[in-house]
Amino acid sequence: MGTPDLLTSILASDLADPAGLMPARQQMALSLGWHIILACFGVAFPAIIFTMHLIGIRRNDPDALVLARRWAKVSAVLFAIGAVSGTVLSFEMGLLWPGLMGTYGDVLGLPFAFEGLAFFLEAIFLGIYLYGWGRMPPKQHLLMVLPMAVTGVIGTFCVIAVNAWMNAPVGFDVVDGEVTNIRPWAVLLNPDAFWQFLHMWVAAYMVAGFSIAAVYAVGMLRGRRDRRHRLGFTVAFAFASVSAVLQPFVGHLLGGRLAVTQPAKLAAFELAMETDDGPSPLRLGGLLVDGEVRWAIDIPRLGSLIARNSFTEPVQGLDTIPAADHPPINITHLAFQSMVGIGTLLMVAVLLFWFARWRGHDLLAGRWYLRFVAVSGVLAIVAMEAGWIATEVGRQPWIVYGFMRTPEAAGENSGLWWLYGATFVVYTAMTIGAIVVLRSMARRWRAGEEDLPSPYGPQLQETDR
Amino acid sequence: MTLEIAVAAALFAGVLAYALFGGADFGSGFYDLTAGGPSRGAELRTLVDHSIGPVWEANHVWLIYVLVTWWTAFPESFASTMSTLILPMLFALLGIVLRGSSFAFRKYAATLTQARFFGAVFALSSVVTPFFFGTIAGAIASGRVPASGRGELIGSWVNPTSLFGGVIAVGTCAFLAGCFLTADAARGGSTRLAEQLRVRTLLVGLATGAVVLGALVPLERDAPTLADGLETQAAPLIVLSSVAGVGTLVLLVRRRYAVARLTALVAVAAVVAGWGVGQYPWLLVDQVTIEDAAGADATLAALLVAVGIAAVLVVPSLAYLYRLTQTEAWTRPHH
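Same order as they appear, the protein sequences are chains B and X.
The numbering of the first sequence is my numbering, which starts it at 1 and goes up by one.
The numbering of the second sequence is my numbering, which starts it at 466 and goes up by one.
The hints are simulated quantities; they were obtained by calculation from the structure and are not laboratory data.
Treat the hints loosely; a few may be bogus.
[Unchecked claim] Simulated restraints on C-beta separations:
#	chain 1	residue 1	chain 2	residue 2	range
1	B	150	X	723	33 to 39 Å
2	X	617	B	135	47 to 53 Å
3	B	424	X	623	25 to 31 Å
4	X	585	B	326	47 to 53 Å
5	X	793	B	360	51 to 57 Å
6	B	134	X	617	51 to 57 Å
7	B	415	X	769	35 to 41 Å
8	B	177	X	683	40 to 46 Å
Computed from a prediction, not measured in an experiment: that's the story for all the values here.
Even glycine gets a Cβ: it sits at the ideal position worked out from N, Cα and C.
Looking at chain B on its own, in the form it has when it is part of the complex (with noise of 0.2 Å):
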């Protein structure tokens, strides 16, 4: 957003919305930005550590199995700070939002539920699993990961549910202002909620894939090149290579429902101005200053082809859309640009990477493709960021599109900015904590202990006994 339209858009909306709104939209942004990569987590590892713990067993390989076991370890630690983090938003619903929960609480609620009940499952599995390494016998140890790896699809199926339904709302109908005839299975199971719903369980699976074969591509810079590393990246890098290369396709099926269901985020996507009376171009760059785009670059036709599929149709232009309907434009096409950037570098890199491999050629062996994994994990995670800040800003001013705005769900409570700043101290020491504990870890697990010991000077204990 230029900076004039900013500040007018800030001042104006101090003049109209409730004292809640501003704080409870950056509160929004960062408790479900931060969760959002832990979720991703939560999702994806438990698939990523059952492979690996499955080659331990199969092949008979101590090295996969300690490699397993330290990522159960690892696991725990983002499960656990997963946990705390998630019930911060399910308070949040309430806290921030309570026009919205007032309202549509028991329209949006049963996919929750369901989510909930896929929790629940989760979190006793994972105990089993990690307390059951030498407690059980392996196989059936090892099989107590697949329900992580099941209760994560459900449950990331059931929460984009709803997003879904704020995007494009089913199972209710308006009469006189009243929500009535409330349909909750519609809603769990709306059209939309798929190609979403697959959208970002790839996405998971790209973060944790990234995140983990750069942490071994790190290693692997630093000189340490033994089985254990390369194991580790193979396995990891696998997951995000599959990925990475499925998710623009899924992307684009998504991206072609838009301009059916929410035309004026398919044109701020776009940069979309005007309806053109051709076929539209893709626009690379570019930022709207003064009602102009300026800076972009065009390659004629090709934003028909891809958001509508099509070498004629054009995209809507945001001059059809009234005015205050508009999402903030620049903050949605920025986003939604660097989501499909680094997701097609991506793409390109792991191509080039098994190509290379195909062709006879380790990459891994120089130090330039290891220094672009070793960021791989970063660039995973502002693509996935940025295409969340794309659908929800894209989405505004509505919360429930066509039915509720944001301004309409928030509260008065002005005193809410105290609450952003005490989160952001929080949620910062448990960064910072997370960081230091992982790290810790690590340092010990290179000087070879294996087993951690346990709080507070078990050493002393040892001799109790």
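Chain X: place on chain B using the hints.
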């Protein structure tokens, strides 16, 4: 039974489960906090870590179950409760966040200093969190949360019923945890630790019992509807709770730890159920009944389907987890 009552019962079952299982987890923080310095407290802290490590995340999900069921089934009352009780809700939430993360961090901390820091955060927040949940229960039970809109920001949870609720919540959690930890210690063969825990659990039990009885007097004036319900329809539960509570103390004195765990569960379950039965048919006491607060029938019916599926899938899995934690292989501290 109407649809609304069935869903309210399912919701309350979640509250009960959270109070019992989540409560026992939270309560262990009290013993962790008061275990003494690093070397003196090492054995107890290892026991706490070992005893709640596999189960705390699963026990925590009951809270999410309660929140989700509440906003789905009774949306407007959820919104008004959250707006009115925003402060204790946030304090409890802060406690949950700090507790969960620092528990995980402590387990894998690199140095003793780090472990002590995370341990202190874990233990403190474990004690503080139930207090705020107790004040929330007190606010609802004393009729301070309106059916819609927003009640008093401070007075709603700073009042006799809420404060007693908070203290009772802390006490019952610690009592439950004490019974479980004592039994765990005894089963693991740490007789000295079991003795130490036994004495402290007895003290916690006596103190909590005294507070519960003492609370009945101010409750008469501050929360008349609840007090009335406790004296009439919920009276059998209150009697049951007292009997089970006294029974637990006797069993602890006689070192019958395995049975004492069960009677402690009964005592706490009865007192929490007493609250629920006592305030029936109100969802928010004196403000809105369960019938009037309920959302759409179709949603309630769908929610019961979800609860049914949970009963089939979650309960056996949870039982399996609990059973594993009680086996010989899982009691071994090292492997």
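Results of checking the hints against the structure:
no., hint, result
1, B/150 - X/723: 33 to 39 Å, "holds (35 Å)"
2, X/617 - B/135: 47 to 53 Å, "holds (51 Å)"
3, B/424 - X/623: 25 to 31 Å, "holds (27 Å)"
4, X/585 - B/326: 47 to 53 Å, "holds (51 Å)"
5, X/793 - B/360: 51 to 57 Å, "holds (54 Å)"
6, B/134 - X/617: 51 to 57 Å, "holds (54 Å)"
7, B/415 - X/769: 35 to 41 Å, "holds (37 Å)"
8, B/177 - X/683: 40 to 46 Å, "holds (44 Å)"
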